[in-house]
Amino acid sequence: MSSLWKWGMIIMLSFGLLTQHQDAMMTSFMEVGNQTFDLVKNIVLTSCLWSGFLNIAKESGLLHRISRYLNPLWSFIYRNPMREKTKDLISHNFMANLLGMGSLATLSGLEAMTSMKEEQKSDKASRNMLTLVLMNTTGLSLIPTTILALRQSYHSQQVSEFVIYMIGIGVVVMTLGLLIQRLIDRG
Amino acid sequence: MANKLMMIYVLLILIFGLIKKVDLIQAFMIGVKDGFKLVMSIFPTMLAFMLFMKVFESSSLQACMLQYMSPLLSWLHVPECLTMMFLLRPLSGSASLSYLNELYLKYGVDHLYSMMATLIQCGTDTTMYVVSLYFNHVHITKTRYALPLGLFLDGVAMFLALIIAQYVF
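From first to last, the protein sequence lines stand for chains Z and V.
Numbering of the first sequence is given in numbering that gives the first Met the number 0, commencing with residue 0 and proceeding in unit increments.
Numbering of the second sequence is given in numbering that gives the first Met the number 0, commencing with residue 0 and proceeding in unit increments.
Honestly, the hints are just simulated from the structure, not real lab data.
These numbers come from a predicted model, not from an experiment.
There's no promise every hint is true.
Label-pair ranges, simulated between beta-carbon atoms [claimed, not checked]:
no.	chain 1	residue 1	chain 2	residue 2	range
1	Z	Arg-64	V	Leu-75	41 to 51 Å
2	V	Ile-14	Z	Asp-184	40 to 50 Å
3	V	Glu-79	Z	Ile-65	23 to 33 Å
4	Z	Pro-71	V	Glu-79	44 to 54 Å
5	Z	Gln-21	V	Glu-79	22 to 32 Å
6	V	Leu-10	Z	Ile-10	49 to 59 Å
7	Z	His-154	V	Pro-147	36 to 46 Å
8	Z	Glu-160	V	His-76	39 to 49 Å
9	Z	Ile-10	V	Thr-140	13 to 23 Å
10	Z	Leu-178	V	Trp-74	25 to 35 Å
11	V	Glu-101	Z	Pro-71	21 to 31 Å
12	V	Glu-79	Z	Gly-7	23 to 33 Å
13	Z	Pro-80	V	Glu-79	48 to 58 Å
Glycine is no exception: its CB is placed at the ideal position from the N, C-alpha and C atoms.
Only chain V is shown next, with the shape it has when bound in the complex:
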């Protein structure tokens, strides 16, 4: 379904270009060149970001925070296995996705916990990553309220995910 939409979209672009008499291959290659320049500039940002993530994990601070967050969250009736999801989601989309995969394997794909984690994964995006990528790309250092507001909204989204999953699944 999504793949079909994607291909239709590409076809639409090509046909429209054809009608408007655009030199398709030239325009495509110019775009590729621009894209290469654009995305190459993200390597420093990504390295800084990944390093941060890796050190967070390997310095055992992550495990330590997890330990202290669990009682707090279980007081809010959040299952312990979802604490990790809460912590990972704003930091890294791929890390939380692989944790979601683990939950699927452990509890089964249609289990309540799996559904909660699915909604957490989909209901929000990787805030820290987006904020650092977008602002570093244009060398903006004063990001003002972008991060606090983004993280707060992540919290709201996760909270909603739990409530909804509880009642629906």
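For reference, chain Z alone in the conformation it holds in the complex:
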């Protein structure tokens, strides 16, 4: 990832200079700080709210109780042993993704990453981390809230027909990803 950023930036800046796009690039430099701040501000403020509720669920033991049902699945998917805390967070991340609660999923996903990182010292991604990221990049979801609302607003005749195929694609791609990981990573 970091080498992509490094070389990408150098190549793009050179390409832009060669094709005389320095003005456009400068404008984007000036705008990007503000735009990022707006984006992060939105994520932060909503996530704080979810973080609050998440903490109640944690302290009351609800989170652990829910995740117990998913634990057999995790010991099958995640090859290396994990702490209970990590498992709870992974379950929560997975469920939030399924229900289409993006910011809640991000929050518990990031906390799960922190929890995994506490168990290791190296700066190399562990197999479990890669599995978690893989589960999140393939983005299996059951309720695509944003898209459904958008389609509704255009008075679509088939608002939600695509959902079943979307779930199909999600399941196939996630399974494929986990299979490939199993083949290439024996760690």
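With chain Z held as given, fit chain V onto it using these hints.
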């Protein structure tokens, strides 16, 4: 429907906390504090990522790649207007969403191209964003196969989206 589920979930959390005698407002505020710390750490990552996206667009490299990708994709019978969707989806969820919106306006929300783009939008997540956010958050620099595998799976998901849409809609 989704909103209802969400509110029921929150209510469930509160009731369960009540039964277990958790000090609700205290626990909530501690969580908010943790959340603030947690998410504040994502600003550097996001800035680096957004800058990358912006420069990609403004240096005209994006337009250039689009030009070269179109013939290749049309050889695979992919409509030209979806090339942009292919390029944007792994990079930025909001950019591809606004492009999806444009397609809805241009072709109508139930048009075949719109359905293809809808499935592309929903069938996968923003790989580049997720990979950089998750790993940077815990200062992992060696991400190994996360990115190539994620992008490959995006490709598979998009391919499936096209095929399915072709046959169903």
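- [ ] For the range 36 to 46 Å, tell me whether the beta carbons of His-154/Z and Pro-147/V fit it or not.
- [x] 41 Å, holds
- [ ] For Leu-10/V and Ile-10/Z, compare the CB-CB distance with the range 49 to 59 Å and indicate the outcome.
- [x] 52 Å, holds
- [ ] Look at the Cβ atoms of Ile-14/V and Asp-184/Z and judge whether their distance stays inside 40 to 50 Å.
- [x] 42 Å, holds
Task: Hint check for Trp-74/V and Leu-178/Z - Cβ pair distance inside 25 to 35 Å - done: 29 Å, holds
Task: Satisfaction of the hinted span 41 to 51 Å by the C-beta atoms belonging to Arg-64/Z and Leu-75/V - done: 48 Å, holds
Task: Consistency of beta-carbon spacing, Pro-71/Z to Glu-101/V, with hint 21 to 31 Å - done: Given about 44 Å between the Cβ atoms, the range is violated.
Task: Range agreement (Cβ of Glu-79/V with Cβ of Pro-71/Z, hint 44 to 54 Å) - done: 47 Å, holds
TODO: Mind checking the hinted window 39 to 49 Å against the Cβ distance between Glu-160/Z and His-76/V?
DONE: 23 Å, violated
Task: Supplied distance hint 48 to 58 Å, evaluated on CB atoms of Pro-80/Z and Glu-79/V - done: 50 Å, holds
TODO: Using the Cβ atoms, figure out if Gln-21/Z sits within 22 to 32 Å of Glu-79/V.
DONE: Between Gln-21/Z and Glu-79/V, where Cβ atoms are some 29 Å apart, the hint holds.
Task: Beta-carbon spacing of Glu-79/V to Ile-65/Z - inside the hinted bounds 23 to 33 Å or not - done: Check failed, 46 Å falls outside 23 to 33 Å.
Task: Range hint 13 to 23 Å (beta carbons of Ile-10/Z and Thr-140/V) holds or violated - done: 20 Å, holds
Hint compliance for this structure: hints 3, 8 and 11 are broken, all remaining hints hold.
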